[in-house]
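Enquirer: So you can see what is in the structure, the chains are spelled out below.
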Amino acid sequence: GESVGLHLPTLSVQEGDNSIINCAYSNSASDYFIWYKQESGKGPQFIIDIRSNMDKRQGQRVTVLLNKTVKHLSLQIAATQPGDSAVYFCAETLSPSNSGYSTLTFGKGTMLLVSP
Amino acid sequence: GAVVSQHPSWVICKSGTSVKIECRSLDFQATTMFWYRQFPKQSLMLMATSNEGSKATYEQGVEKDKFLINHASLTLSTLTVTSAHPEDSSFYICSARVVGIDEQYFGPGTRLTVT
Numbered sequence: 001g002e003s004v005g006l007h008l009p010t011l012s013v014q015e016g017d018n019s020i021i022n023c024a025y026s027n028s029a030s031d032y033f034i035w036y037k038q039e040s041g042k043g044p045q046f047i048i049d050i051r052s053n054m055d056k057r058q059g060q061r062v063t064v065l066l067n068k069t070v071k072h073l074s075l076q077i078a079a080t081q082p083g084d085s086a087v088y089f090c091a092e093t094l095s096p097s098n099s100g101y102s103t104l105t106f107g108k109g110t111m112l113l114v115s116p
Numbered sequence: 001g002a003v004v005s006q007h008p009s010w011v012i013c014k015s016g017t018s019v020k021i022e023c024r025s026l027d028f029q030a031t032t033m034f035w036y037r038q039f040p041k042q043s044l045m046l047m048a049t050s051n052e053g054s055k056a057t058y059e060q061g062v063e064k065d066k067f068l069i070n071h072a073s074l075t076l077s078t079l080t081v082t083s084a085h086p087e088d089s090s091f092y093i094c095s096a097r098v099v100g101i102d103e104q105y106f107g108p109g110t111r112l113t114v115t
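Chains as they are written, first to last, in the working numbering: chain A, 1 to 116; chain B, 1 to 115.
Worth flagging that the hints you see were computed from the coordinates, not collected in a lab.
Take the hints with a grain of salt, since some may be wrong.
[Stated by the list, open to error] Just a sample of chain B residues kept apart from chain A, beta carbon distances all over 10 angstroms, derived:
(1) S15
(2) Q29
(3) G53
(4) K55
(5) T75
(6) T113
[Unchecked claim] A few chain B residues facing chain A, derived, Cβ under 8 angstroms:
(7) G16
(8) S18
(9) F34
(10) S43
(11) L44
(12) S54
(13) F106
(14) G107
[What the hints assert, rightly or not] No more than 25 angstroms apart at the CA atoms, straight line, and that leaves these computed lysine-lysine pairs for DSS-like:
(15) K20/B with K55/B
(16) K42/A with K41/B
(17) K55/B with K108/A
(18) K41/B with K37/A
The C-beta atom is built at its ideal place from N, Cα and C for all residues, glycine as well.
Build the full structure now, drawing on both the sequences and the hints.
Expert: In structure tokens:
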């Protein structure tokens with residue numbers, strides 16, 4: 001089940017289940033979105049990205065869904081494994097121009113706990 | 001490819017001292033580097049953005065005289081926490097990107113503890 005702690009929501013699942021992690025983003029003008037996985041004491045690790053001209057993108061065991069109407073992103077992990085246990089962050093940005101850059105805005109994060 | 005390293009991985013310093021954290025892009029040239037701070041069980045908060053050879057752009061609420069950023073080359077940016085206090089204890093993470101590519105490549109982070 002899902003619980004909301006003081007700062008970090010937690011999703012607890014059993015190994016083999018499918019996991020769905022949700023994220024509400026803030027800027028309706030954002031056109032590029034990324035999901036990151038962060039293990040304890042490490043930096044964020046890129047999982048999958050999606051641009052605003054798409055509503056779904058699939059990777060290996062992961063799928064990202066984008067609903068621009070309600071400014072919502074989700075990350076689906078199929079056949080969740082104990083090694084998937086980590087904190088997952090969504091991030092949004094505006095695609096930078098060739099000469100410029102845009103900064104990433106991170107969501108609050110969700111801790112995924114996978115029990116064997 | 002696209003590896004970013006940070007040094008040190010962890011550091012303990014006494015209150016009032018300064019500490020420098022290095023961020024290096026190992027196999028690419030980073031035109032822009034970003035510094036984030038992360039407190040326990042919280043998200044990453046952008047502190048500043050630095051472009052090689054120019055002054056860093058700091059986010060609102062981040063003291064530029066306390067967090068000195070130098071981006072002297074296309075592969076190295078440094079963050080110096082001056083006159084550190086216990087409330088500066090945090091996980092500091094850098095990232096780097098190349099012009100024209102959206103993705104940022106993140107370093108492994110540096111755990112700073114100020115006693």
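Enquirer: Does each hint fit the structure? Answer for all of them.
Expert: Hint check results:
Non-interface call for S15/B relative to chain A: holds, since the shortest CB-CB distance, roughly 23 angstroms, exceeds 10 angstroms. Here Q29/B stays apart from chain A, with its beta-carbon at least about 14 angstroms from theirs, past the 10 angstroms limit. Against the 10 angstroms criterion, G53/B stays outside the reach of chain A, whose nearest CB is about 15 angstroms from its own CB. Annotated as non-interface, K55/B keeps its C-beta farther than 10 angstroms from every C-beta of chain A; the closest such distance is 15 angstroms.
With a closest Cβ-Cβ approach of about 17 angstroms to chain A, T75/B is found to remain outside the 10 angstroms limit, as its non-interface label requires. For T113/B, the condition that its CB be more than 10 angstroms from all CB atoms of chain A holds, with the nearest at approximately 13 angstroms. The beta carbon of G16/B comes no nearer than 26 angstroms to any beta carbon in chain A, farther than 8 angstroms, and the hint placing it at the interface is violated. Look at S18/B: its Cβ only gets to about 23 angstroms from chain A, farther than 8 angstroms, so that hint breaks.
Here the hint on F34/B is kept, as its CB sits about 7 angstroms from the closest CB of chain A, short of 8 angstroms. The beta carbon of S43/B is positioned within 8 angstroms of a beta carbon in chain A (closest approach about 5 angstroms), and the interface hint is therefore held. The beta carbon of L44/B is positioned within 8 angstroms of a beta carbon in chain A (closest approach about 5 angstroms), and the interface hint is therefore held. With a cut of 8 angstroms, the hint placing S54/B at the interface with chain A is violated, because the nearest CB-to-CB distance is about 12 angstroms.
The beta carbon of F106/B is positioned within 8 angstroms of a beta carbon in chain A (closest approach about 4 angstroms), and the interface hint is therefore held. The beta carbon of G107/B is positioned within 8 angstroms of a beta carbon in chain A (closest approach about 5 angstroms), and the interface hint is therefore held. Using a Cα cut-off of 25 angstroms, the hinted pair K20/B and K55/B holds, with the two alpha carbons roughly 17 angstroms apart. Between K42/A and K41/B, the direct Cα distance comes to roughly 13 angstroms. Compliance with the 25 angstroms bound is thereby established for this hinted pair.
Note on K55/B and K108/A: the hinted pairing is violated, with a Cα-Cα distance of about 29 angstroms set against a maximum of 25 angstroms. Taken as a hint, the K41/B and K37/A pair is honoured in the structure, with Cα atoms around 14 angstroms apart against an allowance of 25 angstroms.
Consistency with the previously given hints fails for numbers 7, 8, 12, 17, ordered from lowest to highest.
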